[in-house]
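As given, the protein sequences belong to chains A and B, one line each in that order.
End of the first sequence sits at 210 in my numbering; the numbers just go up one at a time, nothing left out.
End of the second sequence sits at 82 in my numbering; the numbers just go up one at a time, nothing left out.
For the record, the hints were derived by calculation from the structure and aren't laboratory data.
One or more of the hints may lead you astray.
To be verified - Listed below are several chain B residues computed to face chain A (Cβ distance under 8 Å; list not exhaustive): (1) His31; (2) Ala40; (3) Ser44; (4) Ala53; (5) Arg71; (6) Thr79.
Stated by the list, open to error - Straight line, CA to CA, 25 Å or less: simulated BS3-like cross-link-like pairs of lysine-lysine: (7) Lys6/B x Lys60/A; (8) Lys60/A x Lys11/A; (9) Lys6/B x Lys177/A; (10) Lys6/B x Lys11/A.
Predicted, not measured: the structure shown is a model, and the values here were computed from it.
For every residue, glycine included, the Cβ atom is placed at its ideal position computed from N, Cα and C.
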Amino acid sequence: MATGTNPEFEKECIGRILAGEKHLFHTLIRPCERSIYFLLLSLLRNEAEAEDAAQETAIKVFRNLHLYRGEAQFRTWVLSIARNEGLGRLRRAERRREESLDAITDTDSGDFTPTLLTSWREIPHETLERREVSELLRQAVEGLPEIYRNVVLLRDVEEMDVRETAAALGITEGAVKVRLHRARALLQRELAPKLKGFAPKRARFFGWGA
Amino acid sequence: MRIDCKHVWEHISAYIDGEVDAALRADIDRHLETCEICSAVLDSTRNVVVLVADGRVFELPVGFSDRLHARLDRELELTKPT
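Excised from the complex, chain A in its bound form (with noise of 0.2 Å):
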């Protein structure tokens, strides 16, 4: 889902609640709060942490705001709060795991091959409305490991930009890049067989699906 932002409104909006228009930071941070969520979502795993976690970085966003100095985009500046956050609280917990930023490299490692099929059909969006479609997907996204997981939240999720995605999560672009590829690759082994199966069959001459 796209949350574009707008650079204008809110180099005004920040001016205003600087100014004492403490309110506006509602109007400020509303497009934010998607993002923010399933940044730290993908960094915590827990659904009421990331929700916690969500309202401190919005808190801490608003005391900060005199620091936002508009050189990053605003959302990018408030992504990266999140992250210390999210990040803050892993360390805190000592909840790093082996499969965390530091334990997993871009190797080559893994097994990145494409499930093979000789054919496929488009799976509409339609489909989108029997649960266990959506369950399908979030498990598989929720199942990458945590480097491809970030990078597959923020690009196809998010629909965020590589720039943008490479700033927020403090590596190069050239590694969204290739997480992003590897975590396709991973998504497409996991889901193509499991998904061909809510293919649309051809319509049926007799009709009325019999």
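Dock chain B against the given chain A, drawing on the hints supplied.
Just chain B, lined up with the frame of chain A:
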């Protein structure tokens, strides 16, 4: 230039994002015309990317926004005007 399947897979993500140069794109397109397997890999990968982006897959928890703004209201009240 003729390229093999593995070569195509290496560039599939960039191809989907429109980030391969014109020459490579032409090579990949030529390969896809005759390779059923790579066409299916491309289509299934693209499909996964499109479906994952659908807002119904990753939804904010119910009431998330209300709770966030309620907490912000409390914070905003506490802070003196700058």
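Going through the earlier hints one by one, which of them does the structure break, listed in rising order?
-> Failing hints, ascending: 1, 7, 10.
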